[in-house]
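Peer 1: As given, the protein sequences belong to chains L and R, one line each in that order. Note that the first sequence covers residues 1 to 372 in the working numbering. Note that the second sequence covers residues 1 to 638 in the working numbering.
Don't read these hints as lab results, they were simulated from the structure. We put the beta carbon where it would ideally sit given N, CA and C, even for glycine. A portion of the hints provided could be inaccurate.
Heads up, simulated SDA-like pairs for lysine to any residue below, C-alpha to C-alpha not over 20 Å straight-line [what the hints assert, rightly or not]:
| hint | chain 1 | residue 1 | chain 2 | residue 2 |
| --- | --- | --- | --- | --- |
| 1 | R | 508 | R | 572 |
| 2 | R | 227 | L | 260 |
| 3 | L | 187 | R | 12 |
| 4 | R | 227 | L | 263 |
| 5 | R | 227 | R | 88 |
| 6 | L | 217 | L | 329 |
| 7 | L | 42 | L | 25 |
| 8 | L | 187 | R | 19 |
| 9 | R | 227 | L | 329 |
| 10 | R | 433 | R | 400 |
| 11 | L | 187 | R | 17 |
| 12 | R | 200 | R | 417 |
| 13 | R | 193 | R | 58 |
| 14 | R | 239 | R | 494 |
| 15 | R | 227 | L | 217 |
| 16 | R | 395 | R | 379 |
| 17 | R | 395 | R | 422 |
| 18 | R | 227 | L | 25 |
| 19 | L | 217 | R | 34 |
| 20 | R | 502 | R | 412 |
| 21 | L | 187 | R | 14 |
| 22 | L | 187 | R | 18 |
| 23 | L | 187 | R | 395 |
| 24 | R | 227 | L | 253 |
Selected chain R positions facing chain L (Cβ under 7 Å, derived; list incomplete) [to be verified]:
| hint | residue |
| --- | --- |
| 25 | 16 |
| 26 | 21 |
| 27 | 24 |
| 28 | 27 |
| 29 | 29 |
| 30 | 34 |
| 31 | 38 |
| 32 | 39 |
| 33 | 42 |
| 34 | 43 |
| 35 | 47 |
| 36 | 49 |
| 37 | 223 |
Facing chain L, a subset of chain R residues (Cβ under 10 Å, in silico) [as the list claims (entries may be wrong)]:
| hint | residue |
| --- | --- |
| 38 | 12 |
| 39 | 14 |
| 40 | 17 |
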Amino acid sequence: MVEFNRKLFRDLDLTLVAAPFLLGVLGCVGIYSTDPGLDRWKKQLMYLVVGLILSLILALTDYRKVLSAVAPFFYLIVILMLVMVLVGFGVKVNGNTSWLRLPGGIKFQPSEFAKLAVILMLSRHIAQTHDEKNPAKDKPLSLRDTVIMGAIVLPPIILVRLENDTGTMLTFGAILATFYFMAGMRKTMLVGGAILVAVGLVAVYPHLKGYQKERIKAVIEPDKVDPKGFGYQTIQSVIAVGSGGTLGKGLSNGTQSRLGFLPYAYSDFIGAAVAEETGLAGVLFLMSLYLLLIWRLIAVARVARDRAGALMIMGLVGLLTFHIACNLGMVVGLMPTIGIPLPLMSLGGTAVISLFMGIGLALSVRLRRFVN
Amino acid sequence: MSKKNPKNENRSFELRLYVVQYFALAIFVALGIRFYVLQVGHHQFYEQQAENNRIREIPIIASRGEIYDRNGKVLVSSTPALNVVVYPEDVTNRNETITALVDNLGADRAQITADLNDPRRPKSQPILVKQNASAGDEAWVDAHELEHPEIKIDREPQRVYRFGDLASQVIGYVGQISSKELEDPNYLDEGYKPGDIIGKAGIEKTYDKLLRGKNGMRRVVVDSRGKPIRQLEIIEPIKGQDIITTLDVDLQQVAEAQFDGPHQTGVAIAEDPRNGEILAMVSKPSFDPNVFAANVISSENRAAVNAIVTDPAHPLYNKAIQGIYPTGSTWKLMMATAALEEGVITLKNSRLVCGGGIQVGNRFVHDVGGNHGTPDIHAAIVHSCDGYFYRLGLKMGVDMIHDWVSRFGMGQKTGIDLPSEVRGIIPDREWKKRVNPSDPVWKDFDTVEASIGQGSVAVTPIQLLRAEAGIMMGGDFHVPHIFKEARGTALAKMVDYQDQPKEMQLSKLTVDTVSYAAWGVVNEGGTAGGVGFPRDLNVGGKTGTAQVIAREKAHGAALQDHSWFISFAPLHTDEKPELAVVVLTEHGGFGARSSGPKSRIINAAYFSKKLGHPVLPEVVAKNVEPAKNIEPQPNAPR
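Isolated chain R (complex conformation) (with noise of 0.2 Å):
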């Protein structure tokens, strides 16, 4: 550098390599800062995001509670199934996915795709493709690791309903949460998530949250193709807790074998109305729940959900608590017991004349069991007379009718731990002002029909059960209920059913006077007397026959009344009864006909049983001796 350059006196070029050299810097400063900002400013963000890259949750999905009856018999279990399952943040190609599913394992590919494209589904978690994968397809999920590693089998619990349809409505199923469900801040605020299997119906739906267990899961780092390279952590899934319910699988299966044959729809209840517990509920027709708990994927099973869910005689519906219809002649225990306790009538003076029927107005309404004379409460009861009741229900009026029906819960939810009980109908004045605006007035004709249970009353079969059960009890109206208790897990403590009976005070005499008719029914020959239940089992009941509305008739000519049968025993010995049976035979004609032998049956059942005699359905069927052939003959009681 002895002698400068007289060429790099040129300024200009001078000029611009300092133009060159700052513009490089200033590209480097700019890249500083950048680099300064994704390092220290936003670290924790990616290094939380680099972590959410490299670990998995893999959700060991915990065992659903079994169920069993009350004698410790299992009623659902759930077995370990092989599932086909897709990642959704390991899918590459949508399209390729899919088709893979569809052609290979059989997935619904309008399923799938509506799985995959799910905004709200996390991507971390698994959707199911197929339950109880075959050898075949685990083969097949395999050999294709490599290409697919986004579809892998997983190893979860399957729900098996051992008995099939058996207490179908009661005992419920189980699905994957809808998106609906998901909103709904009773599932939202327990952390459901999407994907998880949940009770949809009966106690599955009422004791999910002690069924479920908690899920387990493990960590694990995968590469950048969602392969395990190594387990960090594991979490145990806890199994959810068992659920011992009232329900007795023998008594149910004689129940249940009461609707077999043709056109047999309707409710059969046994209860025990010392505490409420329901020792059978019978709801036909009926599903099998093994069908919703099969894979859901495939469209054969589509298929099957489908035909339950369309089927028009509707076999989710549990009639017990959400079919409604008029009580017929069972009402007349509760109108007896009201009028005894108002002093309407009394022991010594409850004569009141039948006349087979009588005039309101215009029109005369007719008995249908023809003329009883002047009956007392007893004979009115057993011979069911409805002129009786007529002119009882005129004496009291609407009003005391609906405040004493109402008392003893009627047109009320009983509580029982089923979802979607329904209310019914109890009508009076401010109802008919309400539906009728036509004809707004409730008129002495609207109170004959209420007196016996007939017009616009619409009430549950479990209403009614627990109503008269109540009174019988002398008065102790308990909530039927099918859970007895729940076993404790390592998570949660023991559960207990938790009883909380209305108390009412009826008078014993009250009591004795209904109750004995109620006996005599069966046992003096009134209308359940060519039934033939067994004499030493002191069985007192009521029958009733409820009108199909003309509008249903017209529908189908062949649409016979509803029959009613509800039962008590024992009655009118020195014990409390403990068996109530109510038995609803929808288009079953007159109570005695349909109603009566199947509930001599599920009484006869229970006390053989208590006995240590078999129940089985056949059996039971061929021990009790059948039925007389009860013809409704011209002069039928109701």
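Looking at chain L on its own, in the form it has when it is part of the complex (with noise of 0.2 Å):
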């Protein structure tokens, strides 16, 4: 499957392999700063290197035998959700079940899998049935993808949502978006659906439960909330930001994450540690490594040679994004808190390397962006 030549690799997309992997050892600095007493950089930085091979090896794939390869595993990760829901032998982390605990002492998120695998079906099904017939890229959706492409997203909805994990569930939701605007809805559906995920949203806040109500009320009205409840780290986060200033308070030296006030400094508010440790010139930097790798995603797309490549980058592109948009905007206060990580940033090991598995597919949608 791996095919490796000279020429291949020198047509190597470098900026999409460097900007992710600044931004994973930027992670790996301020996991190690917000406690240098631990090694938990140590491990990310080896899930890091992993996840660098593992992407340089998808480059040298074929990715459109990677989306032929794709439904088994997505299956088997559903499985596995759908066992771990069942069983309940998921490990309880934070508040939701979706770790999986393997020997070794390695825990395993089958859900982070579940975003990329979702990605790549949802390309697969674009290959199948419009590619191969009608390679024409803005031929509108029909009702029946429309509906299929649905389908497949609501098993993994609703496995995450038994498991607890909303932020996840709501990512799932961003992936679609993406694929059905990309793949081109038609308008009155577009809108109409956007329609119906507003009303859904405006439904479903009164039977959301007392906490989550209390995170989003800590974004709308942040004086309002119990500074002790389920407000505090929000505030918290917004205070580390705050606190850091134009240049920061020097790496290790920040307060909010040092003395334990800021919570999960490591993972999902790594941040708002960062912010206050490297302050405004950090983050500066952090989120033009950010725009750069989605530009040059999005770049990618456009050259791309079939519908299904584009999609799939475009799916990774509305991944990348989301999740970007509602950490740093919980960070700063504009989002409530629903534990969706950093991408590449945060602590985790699933998810760094699925996004990086991600990132080589893409180069390996540049490397084969000429029809042959």
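Starting from the two chains in their separate frames, assemble the complex, guided by the hints.
Peer 2: Laid out in structure tokens, this is it:
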């Protein structure tokens, strides 16, 4: 499957390799500086290297072959998640049970892989139904396709809901929405869908759990929430960010993250930790790297030889943008706390590896952009 | 890129790519603006917030100044006590904290709940849960440091009232500042904060600003659990100023002992008339201020505090300055002084008929002492002749009487340095019009009543003492006071008492006449002749029997009139008097019977001490000849 030749390797998009790796390294620095006494950062660096290697392997693999082979993996992941929900042997971390403990002390989050798997499954569907018959990229999505694509995403959505992982659930929604949009859904359906989502959110609000409402309130009226309660994380995160100033307090000098006021400074709130220690300068550098990555991915999607490859990359773009918007939005107090990690930076091997795999596939799309 | 992919010509897909691209850009720009606003725009605010998170200022309570008697004996001191406190800002689950405190440390649930929910209390200020924590309490707090980092042990000074209930209303007590007091500008403007321990009564209250000192603090870095990591700065507390009072513990003990026994309530004040220094001030019943200084949170202690506060006998009440009573015949010394000064009578021509009473309108007002013939002013005072003073009063008229007693300070605060002094009532025409609209016109009968300090006359014992001591001093009316000096500290200079006497020109003849008559009351077989004052002390004085008004009598048939005795020593010598004593025994009956012997022992104790003799109450009582049995006779004078 892997074909290696010097010409392909020379054509590799170095930006698409360097930007995510640099972000990952910055993540390791952030994880280290929140608690230099722990060696979490070493683990993270290891995952980063593993991810990089996997991405290079995938870059040299034909993504079309990957797409045609993805279905069994997707079903395996869904079954794994189903078993976790039914048997309940998922490890409870921060209130959700999306973690699977493997022998050797490794914790594994099938739902993180599910994000990539869903992107690939949706692309596979596009490849089967469109590219093979009519490679034109802007052929509108038929109603049948719309329903089938929704059906693909539904099982993981239900499963992560049962795992109590709202963040991942919304991520699947964001991926699906990106696909619908990019695949050329009819404008009426697009508008109707948007209205449906808005109505749905309003309808769901009264049924949210108390802590969820409280977290939303922490964003809308931060003065009115109990600073010791569920608004605590948002308030402390905003303090961490604001106190960082222009140039930050210096690595390992963040009082909010080091003294424990900022919760999960190494995972979900790593953005706040970095903002506190490196200030606006660090944050802008970080965001520039993300933006560079996203624009570069879109550029690849633009030159992709087929619709499936382009949509696969755009699915990845949707995933990244949604995660960054939600995570940094939460860090600066514009979004409620829902447990969405900062891509490539938050502690978590599964997420880093699956993202690098996605980037590897994007590299593959770029390498195979010419119709032969 | 040799050949363009024809599929890329699809315009609408391109368009959608741009939509996503610029949508992502818009999100990044929005986030960037928000980061800029927080990190640059509001940087200082959040920097402060982060500092507040990190830095904890732990107060170190200053030790309150000590209180001494005039001879340097310690009356009140402070000892370090271990307290259980709660830091509200570290409380994560209010109910768990409260339950832990109630179940394990015996805190009062209602009190601690109220304190934790008080919105005015700064979150950084620890809440006192329990004073005098036991070793067990300390061990519990240490053992539960992880589950309850908000519960800590603090070392704070606690007030100790060495003599228990001795002079309790004068010394006062301390307690936590109340929310009502916090709104009072007297406290608010001086930087008092919730949780502060302040003087609540007595000189603890009057001189709180001298006694309180200045709290110190420790600035420490804490982690998110409130655990101190390192100390940044320590500001040592400055102890409050020690106060030396004018009280003499020995004399105070003697005076207090005079009220031992059932139903012995009332007032005794001993003052140096030369400067207004209060040597002893007793108000019975009294209370133990240690109850207030102790653990105010436990339910047992709250019951003890409650018992004092709700006691129908009002032990918190300082009757010497807050109790108002008719003066009875002690009033006559002021009447005589006024009449002589105004020339209503003269020394040579002072005889007035007694007549056993006087006919006023259609009623005859008796002289309770019988018929004294036609006494001069000396005899009228010595034998407390009511008939004489009825006629003298009518000659003077109510306006003159009111004018003179007012000049002596009747019906006014003396300005003593104790809180909550009251004015009392001196009736006049205006007053009667105001309080008695059904019978508004002042009548001769009212004047007759007012001439002997009965009727509506109601003054405090301290007023009477100041007025008549001032007369005996020849017109020097000193402000009675407890404060002698405050010792200097690092923070404050020494403070002396600033005496501001009111001087009045009284002729020597008048003063000699009145003081000689008072001397006669004791030493010439007058109304106090049987009390048994040692002759060589040259004590002079005046008895008084204050009528308990009928309404009070109706409530308890056993209630007798109040017994007064006011004395000055020495009188009728070349020296100025150096001791003035007023004793009021509530429901003690005739003046010489209950209050006279008390005064005799207080006088004897003072002069014994001056001679270097022991002054223990029981010894003094034995040293001084027992009082002759003076049962009120049918013709008992007032």
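Peer 1: Tell me if the interface restraint on residue 21/R is satisfied: Cβ within less than 7 Å of some Cβ in chain L.
Peer 2: Because about 5 Å separates residue 21/R from the closest Cβ in chain L, which is inside the 7 Å limit, the hint holds.
Peer 1: Using Cβ atoms only, decide whether residue 42/R comes closer than 7 Å to chain L, and label the hint accordingly.
Peer 2: holds (5 Å)
Peer 1: Given the hinted pair residue 227/R and residue 217/L, is their alpha-carbon gap at most 20 Å?
Peer 2: violated (30 Å)
Peer 1: Quick check on the hint: residue 38/R CB to chain L CB, less than 7 Å?
Peer 2: Residue 38/R check passes; min Cβ-Cβ to chain L is 4 Å, inside 7 Å.
Peer 1: Residue 395/R and residue 422/R: Cα distance at most 20 Å?
Peer 2: violated (31 Å)
Peer 1: Do the alpha carbons of residue 227/R and residue 253/L lie within 20 Å of each other, as the hint requires?
Peer 2: holds (18 Å)
Peer 1: Does residue 47/R pass the interface check with chain L, least Cβ-Cβ distance below 7 Å?
Peer 2: Since the shortest Cβ distance to chain L is 5 Å, the answer is holds.
Peer 1: Do the alpha carbons of residue 217/L and residue 329/L lie within 20 Å of each other, as the hint requires?
Peer 2: Answer holds: residue 217/L to residue 329/L is near 14 Å, not above 20 Å.
Peer 1: Hey, residue 227/R versus residue 329/L, does the alpha-carbon distance stay inside 20 Å?
Peer 2: violated (31 Å)
Peer 1: Can the hint on residue 43/R be confirmed by a CB-to-CB distance to chain L that is less than 7 Å?
Peer 2: holds (5 Å)
Peer 1: The hint names residue 29/R as touching chain L; please verify it with the least Cβ-Cβ distance against 7 Å.
Peer 2: violated (9 Å)
Peer 1: Less than 7 Å between beta-carbons is the criterion; does residue 27/R satisfy it with respect to chain L?
Peer 2: holds (5 Å)
Checked against the numbered hints given earlier, the structure breaks hints 9, 15, 17, 18, 23 and 29 and satisfies all the rest.
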